[in-house]
Structures are given as structure tokens and as C-alpha cells.
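Protein chains in written order, with my numbering: chain B, 15 to 152; chain P, 15 to 152; chain G, 15 to 152; chain V, 15 to 152.
Hint data in this document are derived by calculation from the structure and do not stem from the laboratory.
Each hint should be verified, as a subset may be incorrect.
Where chains are identical, the list cannot tell them apart; a pair therefore holds if satisfied intra-copy or between any two copies.
What the hints assert, rightly or not - Okay, derived cross-link-like pairs now, DSSO-like style, lysine-lysine, Cα gap no bigger than 30 Å in a straight line:
no.	residue 1	residue 2
1	Lys132	Lys118
2	Lys132	Lys82
3	Lys118	Lys65
4	Lys82	Lys118
5	Lys138	Lys82
6	Lys65	Lys82
7	Lys138	Lys65
8	Lys65	Lys132
9	Lys24	Lys82
10	Lys118	Lys138
Quick caveat: nothing in here was measured; it's all calculated off a predicted structure.
Below are the chains, spelled out letter by letter.
Number of protein chains: 4
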Amino acid sequence: MISHIMIRNKVDIRVRYAETDVMGVVHHAHYWVWCEVARVALMDVMGYPYKRIEVEGFYLPVVELQAKYRASAYFDDDLSVWAEIQELPRSRVEIIYAIERQGKRLFDGSSRHAFVRKGGGVCKPPRAWLEVLMPYVT
Amino acid sequence: MISHIMIRNKVDIRVRYAETDVMGVVHHAHYWVWCEVARVALMDVMGYPYKRIEVEGFYLPVVELQAKYRASAYFDDDLSVWAEIQELPRSRVEIIYAIERQGKRLFDGSSRHAFVRKGGGVCKPPRAWLEVLMPYVT
Amino acid sequence: MISHIMIRNKVDIRVRYAETDVMGVVHHAHYWVWCEVARVALMDVMGYPYKRIEVEGFYLPVVELQAKYRASAYFDDDLSVWAEIQELPRSRVEIIYAIERQGKRLFDGSSRHAFVRKGGGVCKPPRAWLEVLMPYVT
Amino acid sequence: MISHIMIRNKVDIRVRYAETDVMGVVHHAHYWVWCEVARVALMDVMGYPYKRIEVEGFYLPVVELQAKYRASAYFDDDLSVWAEIQELPRSRVEIIYAIERQGKRLFDGSSRHAFVRKGGGVCKPPRAWLEVLMPYVT
Numbered sequence: 015m016i017s018h019i020m021i022r023n024k025v026d027i028r029v030r031y032a033e034t035d036v037m038g039v040v041h042h043a044h045y046w047v048w049c050e051v052a053r054v055a056l057m058d059v060m061g062y063p064y065k066r067i068e069v070e071g072f073y074l075p076v077v078e079l080q081a082k083y084r085a086s087a088y089f090d091d092d093l094s095v096w097a098e099i100q101e102l103p104r105s106r107v108e109i110i111y112a113i114e115r116q117g118k119r120l121f122d123g124s125s126r127h128a129f130v131r132k133g134g135g136v137c138k139p140p141r142a143w144l145e146v147l148m149p150y151v152t
Numbered sequence: 015m016i017s018h019i020m021i022r023n024k025v026d027i028r029v030r031y032a033e034t035d036v037m038g039v040v041h042h043a044h045y046w047v048w049c050e051v052a053r054v055a056l057m058d059v060m061g062y063p064y065k066r067i068e069v070e071g072f073y074l075p076v077v078e079l080q081a082k083y084r085a086s087a088y089f090d091d092d093l094s095v096w097a098e099i100q101e102l103p104r105s106r107v108e109i110i111y112a113i114e115r116q117g118k119r120l121f122d123g124s125s126r127h128a129f130v131r132k133g134g135g136v137c138k139p140p141r142a143w144l145e146v147l148m149p150y151v152t
Numbered sequence: 015m016i017s018h019i020m021i022r023n024k025v026d027i028r029v030r031y032a033e034t035d036v037m038g039v040v041h042h043a044h045y046w047v048w049c050e051v052a053r054v055a056l057m058d059v060m061g062y063p064y065k066r067i068e069v070e071g072f073y074l075p076v077v078e079l080q081a082k083y084r085a086s087a088y089f090d091d092d093l094s095v096w097a098e099i100q101e102l103p104r105s106r107v108e109i110i111y112a113i114e115r116q117g118k119r120l121f122d123g124s125s126r127h128a129f130v131r132k133g134g135g136v137c138k139p140p141r142a143w144l145e146v147l148m149p150y151v152t
Numbered sequence: 015m016i017s018h019i020m021i022r023n024k025v026d027i028r029v030r031y032a033e034t035d036v037m038g039v040v041h042h043a044h045y046w047v048w049c050e051v052a053r054v055a056l057m058d059v060m061g062y063p064y065k066r067i068e069v070e071g072f073y074l075p076v077v078e079l080q081a082k083y084r085a086s087a088y089f090d091d092d093l094s095v096w097a098e099i100q101e102l103p104r105s106r107v108e109i110i111y112a113i114e115r116q117g118k119r120l121f122d123g124s125s126r127h128a129f130v131r132k133g134g135g136v137c138k139p140p141r142a143w144l145e146v147l148m149p150y151v152t
């Protein structure tokens with residue numbers, strides 16, 4: 015049984031010159047950096063800043079990614095980058111992303127993350143991390 | 015009906031310090047830069063260097079990505095990055111990637127690309143580009 | 015004779031995870047990306063957005079850089095990145111940077127830029143670009 | 015009294031697509047990543063791989079940079095990136111860089127580095143590190 019939750023947050027990103035390439039648009043790798051910025055901000059809002067995860071002896075590396083790039087982003091664009099958790103994770107944490115420019119969807123993606131102990135192996139999400147998600151269970 | 019082809023190439027990548035992050039491993043976004051290096055080298059081997067695509071008035075942007083990150087890569091690792099085309103593309107070009115360190119698989123991924131005319135929209139793969147793939151049809 | 019001017023602007027930068035390296039701090043190359051963000055914002059404030067330079071047929075590439083790195087920046091730090099023009103340029107444009115975290119200076123740097131015509135060579139700063147600087151001459 | 019030494023090494027770099035920007039050339043920040051690749055290779059040749067510095071409890075962060083960008087680099091260019099030590103360091107280590115494409119000089123730069131103890135402050139270069147430089151004293 016999956017527990018559905020709903021926690022969602024948006025960050026504003028202004029495209030940096032260094033994020034473009036000779037094609038004249040943002041290079042596809044940089045979208046993942048923005049998704050990470052949105053993921054970190056989501057955890058701030060959730061009440062468990064990403065830094066706390068590392069302080070408590072864990073990492074949260076990416077284990078899977080997928081994305082559809084629907085339209086290009088350009089230098090100096092003002093973008094909205096959404097990050098969302100839809101399910102209370104039992105092992106892997108899934109984050110869903112959407113990137114928009116003035117309501118136009120540019121990108122849909124998702125990442126899956128494993129909790130890993132520093133110097134150790136994969137583990138379940140720490141209880142304290144799950145507890146802060148409880149108020150968002152629907 | 016899908017025409018199966020087989021063209022595959024490997025590049026050697028030595029992990030750069032700048033590609034690591036505070037987690038002590040390579041940041042996940044950089045794998046896509048290596049995949050791109052492998053994709054460019056694959057087109058060299060295929061006989062249609064990527065630069066020629068742009069000279070002839072096209073771009074080949076990423077429209078989809080997916081990946082599984084199986085194990086970490088570290089500073090100064092010597093990696094093998096494989097890129098492969100398995101099907102003669104009718105519209106989108108799919109490239110399959112595998113990254114290994116001394117035979118250990120670290121990453122599996124794929125990207126899909128659309129041919130786009132400069133200043134224009136999505137188009138089919140140019141005939142000349144398909145023709146260089148013909149010798150690889152199995 | 016040098017005309018002294020004074021135009022200065024600050025941008026707020028929150029350090030991204032992807033900007034760190036295995037040393038546990040921000041990799042030195044990323045400071046230049048932040049300086050560029052601050053330079054672009056300075057030109058917005060000055061009334062001549064960087065994009066307009068390119069629309070009018072010019073580029074403004076870096077021709078010289080120098081920097082002192084005084085203290086490390088860390089993931090999630092809130093930084094102030096200052097960019098400043100101190101002299102009305104006759105040929106090269108010089109921008110001075112300072113990066114601080116809560117009043118502590120982390121970085122001092124400068125860049126020099128040449129105006130270059132697209133498809134052409136180095137040229138003087140366009141008259142329209144100099145004119146927007148005139149109100150700042152002291 | 016300065017002890018002059020001479021140790022110099024070259025790495026071959028092929029410009030990656032992701033290293034370009036919308037100006038159509040390599041973004042200036044990436045040159046520092048190549049200089050770092052050349053610096054790491056120089057220490058391999060010198061007989062004291064960079065990784066050993068960290069294993070022995072030190073870091074070697076950048077404390078100063080300077081550069082002149084003389085000509086642009088483009089996607090797929092084959093570049094030679096030289097790194098050189100000219101003086102036996104007493105405190106800071108200086109590395110001199112030159113980047114060329116088929117004999118044409120694109121970039122001159124230098125970096126200065128401090129030895130820092132992990133979790134501690136600036137220190138002198140470790141004796142073992144200096145000793146491997148001794149055969150290069152002229």
C-alpha cells in the first residue's frame with residue numbers, strides 16, 4: 015500500500031550565460047543542476063534541510079533519472095522549477111520535476127534517490143526524515 | 015518494421031577533479047557530458063562527424079534521457095564510456111550508453127535526439143546521415 | 015586622462031551542490047560563473063542588458079582574469095557577489111568583483127573584456143553602450 | 015634565494031560540446047578545468063600524484079589565478095594544455111599554463127596554491143612533496 019503525500023515547491027531560476035552551449039540554448043546537463051536546486055529547496059520547505067541529511071551521516075545520491083525535454087531554454091530566461099514528492103518513500107525517494115517559462119512547459123523529469131550511510135551501504139530513509147513528511151500524507 | 019543496426023564505440027574518460035562534488039563522488043550531471051563525448055566519437059567512427067550535422071544546417075538536441083546510476087565514480091578513475099545505436103532511426107535517434115570502470119558497470123543510460131533545422135522545426139534524419147548507417151544494418 | 019565612474023551592483027547567490035567538489039568546498043572555476051551572473055545584473059542596472067549587446071551585433075568576451083581566493087565557500091552558503099565598473103572604458107572594459115559571506119570577504123577578482131563584432135574583430139565600445147555610463151561619471 | 019626548477023608536461027584536450035556557450039566558443043571558466051587536468055597530470059609525471067596529497071592529509075586549493083585569453087577555442091578543437099613549475103616553492107606553489115591549438119597560443123595563465131591540512135590551516139609544502147622536485151632543480 016502506497017501512502018500518497020503532496021509536497022511541492024517552486025524555485026525561480028534565471029538562466030546563466032555559462033549554462034548555454036553553441037546550439038544557442040541551455041545544455042541539457044544543466045537542467046539537472048536546476049532540479050537539484052529545486053530538490054534542496056523542497057527539503058527546506060519540508061523542514062529537513064538537505065545539509066541536515068549529511069550532518070546526520072547520510073547521503074542521498076541519485077540512482078535513476080528520466081526526462082523529456084519539450085522546448086529550449088535560453089540565456090536570461092526566467093524559469094520556474096517545480097519539485098514535488100507524491101509518495102511516502104519506503105526505500106527510494108522519488109522527486110518529480112517540471113520546468114516552465116511563463117506557463118510554457120519546457121521539461122518534465124524525475125529522479126530517484128537512495129539513502130546511503132556515509133562509509134556504508136544503502137539503507138532505508140531515516141525515521142526522522144519520514145516523520146517530517148507525515149503532515150503531508152493525504 | 016525496425017531495421018536493426020549495430021554500431022558501437024568506446025571512449026576513455028579520466029575523471030576530472032572539477033567533476034566531483036562534496037559527496038566525494040562524481041556529480042550525476044557530469045555523466046551526461048561524458049555520454050555526449052561518447053556520442054560525438056560514435057559519429058566520428060560512423061563517418062559523419064557531429065560538426066558536419068551543424069555545418070549542414072541541423073542540430074541534434076536531446077529530447078529524452080534516462081539513466082540508472084549503479085555505482086559511484088571517483089576523482090582520477092579511468093572509465094570506459096560506450097555509446098551504441100541499435101536501430102536505424104525513422105524520426106528520433108536513440109543512443110544507448112554504458113559506463114564501466116575495469117569491467118564494473120557504473121551507469122546505464124540512453125538519450126533520444128530529434129533532428130531540428132537551424133531556425134526551424136523538427137525534421138526527419140537527413141538522407142546523407144542515414145546512408146552512412148546503412149553498412150551497419152544487420 | 016581616465017574618466018572615473020562608479021556603478022556597482024550586488025547579486026545574491028546561494029551555493030549549489032553541483033558547484034562543490036571533493037575538497038568539500040566550491041570549485042574555483044564556479045566563482046567565474048557567479049562573477050558573470052553579477053556582471054550581467056550590473057548591465058541590467060546600468061540600463062543596457064547584456065542581451066542587447068548581442069542583439070546589436072557584438073560579443074563581450076573575457077580577455078583577462080585575475081583573482082585572489084581568500085576563504086572557502088560551502089554548499090548552501092548565502093553569498094553576496096558584487097560587480098563594479100570604476101573607469102569609463104576606452105577600449106577594454108574592466109569589471110571588479112568581490113564575494114562575501116555575511117561580511118567576510120571570500121574572493122576578490124577582476125575581468126577585462128573586449129568588444130568584438132560578430133564575425134569580425136575587436137572594436138571600441140559602441141557609442142550607445144558608453145552613453146548609458148555617462149550618468150555615472152564622477 | 016629562489017631555486018629554479020623545470021618540470022613541464024602537456025595534456026591533449028579535445029573540446030567538449032558542453033564546454034561551449036552561446037557565443038559559439040568555449041566559456042572562459044572551462045579553461046581552468048583544463049588547467050587543473052594539466053596540473054594533475056604534471057604531478058603524476060613528477061612522481062607525486064595529486065591523490066597522494068589528499069591521502070596524506072592535505073589539500074592544495076587555488077589561492078590566486080590570472081590569465082590572458084588570446085584567441086577562442088571551439089567545439090571539437092584539439093588542444094595542447096601545458097603546465098609547468100619554474101621555482102621550488104617555499105610556501106605557495108605556482109603553476110604556469112599555456113594552451114595552444116596547432117602551435118597557435120590561445121591562453122596564458124597561472125595559478126598559485128597553498129598546502130592546507132585537512133581540518134586545519136595553511137602549511138608549508140610537505141617535505142616528501144618537495145623531495146620529488148629536487149631532481150628538477152637546475
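Hint check:
1. For the homomeric pair lysine 132 and lysine 118, the shortest alpha-carbon distance between copies (21 Å) is at most 30 Å, but the shortest distance inside one copy (40 Å) is not.
2. For the homomeric pair lysine 132 and lysine 82, the shortest alpha-carbon distance between copies (21 Å) is at most 30 Å, but the shortest distance inside one copy (32 Å) is not.
3. Proximity of lysine 118 to lysine 65 under the C-alpha cut-off of 30 Å is restricted to the inter-copy arrangement: shortest distance 21 Å between copies versus 32 Å within a copy.
4. With identical chains, the CA atoms of lysine 82 and lysine 118 are at most 30 Å apart both within one copy (14 Å) and between copies (29 Å).
5. Taking the shortest alpha-carbon separations for lysine 138 and lysine 82, both the intra-copy value of 29 Å and the inter-copy value of 19 Å come in at or below 30 Å.
6. Taking the closest pair of Cα atoms, lysine 65 and lysine 82 come within 30 Å of each other both inside a single copy (29 Å) and across two copies (24 Å).
7. Only within a single protomer do lysine 138 and lysine 65 lie at most 30 Å apart by alpha-carbon distance; the minimum there is 18 Å, versus 32 Å between protomers.
8. For a Cα distance limit of 30 Å, the shortest separation of lysine 65 from lysine 132 qualifies both inside one copy, at 13 Å, and across copies, at 20 Å.
9. When the C-alpha separation of lysine 24 and lysine 82 is checked against a cutoff of 30 Å, the pair qualifies both within a copy, at 19 Å, and between copies, at 26 Å.
10. When the C-alpha separation of lysine 118 and lysine 138 is checked against a cutoff of 30 Å, the pair qualifies only between copies, where the shortest distance is 25 Å, while the shortest distance within a copy is 37 Å.
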